[in-house]
Amino acid sequence: MKDLDGIIVASPLHIHARHFLDTLAAGKDLYAEKTMTWSIPEAEQCLAAAKQSDRVVQVGLQHESSGSLADTRKWIKDGIAGKITQVESLDEP
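The sequence shown begins at 1 in this note's numbering and counts up by one.
Each hint should be verified, as a subset may be incorrect.
[To be verified] For lysine-lysine, the following BS3-like pairs were computed, each having C-alpha atoms within a straight-line distance of at most 27 Å:
#, residue 1, residue 2
1, 74, 34
2, 74, 2
3, 34, 77
4, 51, 34
5, 51, 28
6, 2, 28
[What the hints assert, rightly or not] Label pairs and their computed distance ranges (CB to CB):
#, residue 1, residue 2, range
7, 69, 43, 19 to 27 Å
8, 35, 69, 31 to 39 Å
9, 88, 35, 22 to 30 Å
10, 74, 8, 20 to 28 Å
11, 72, 13, 22 to 30 Å
12, 75, 3, 36 to 44 Å
What the hints contain is simulated information worked out from the structure, not anything from laboratory work. Built from N, CA and C at the ideal position, the CB exists for glycine as well.
Can you build the whole structure from these sequences, using the hints too?
Okay, structure coming up:
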């Protein structure tokens, strides 16, 4: 599909690697959620495909890319948060 620039892979975990490889083979940029692969050989295939590609590839957690976490990182970097002495984290669904 020529009208697509990139793909977000958020399919069932056991097929992330297949979609990772298919996306790069189609010449599209890629954001793949963790778990990227189920085995070291799959991870090696994905790494090789990413290195051979000229596409943008990112693997991460969508939750970690949320606005509130990005804001917090910026506040800490800019010194707005002050000295941090304790952190409490909640696992949100």
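These are the hints, each one checked on the structure:
1. 74 <-> 34: Holds, because 24 Å separates the two Cα atoms, which is no more than 27 Å.
2. 74 <-> 2: violated (36 Å)
3. 34 <-> 77: holds (26 Å)
4. 51 <-> 34: holds (19 Å)
5. 51 <-> 28: Answer holds: residue 51 to residue 28 is near 14 Å, not above 27 Å.
6. 2 <-> 28: holds (9 Å)
7. 69 <-> 43: 19 to 27 Å: About 25 Å separates the Cβ atoms of residue 69 and residue 43, which means 19 to 27 Å holds.
8. 35 <-> 69: 31 to 39 Å: Distance hint for residue 35, residue 69 is violated at roughly 20 Å.
9. 88 <-> 35: 22 to 30 Å: Holds - the Cβ-Cβ distance for residue 88 and residue 35, about 26 Å, lies within 22 to 30 Å.
10. 74 <-> 8: 20 to 28 Å: holds (24 Å)
11. 72 <-> 13: 22 to 30 Å: holds (27 Å)
12. 75 <-> 3: 36 to 44 Å: holds (38 Å)
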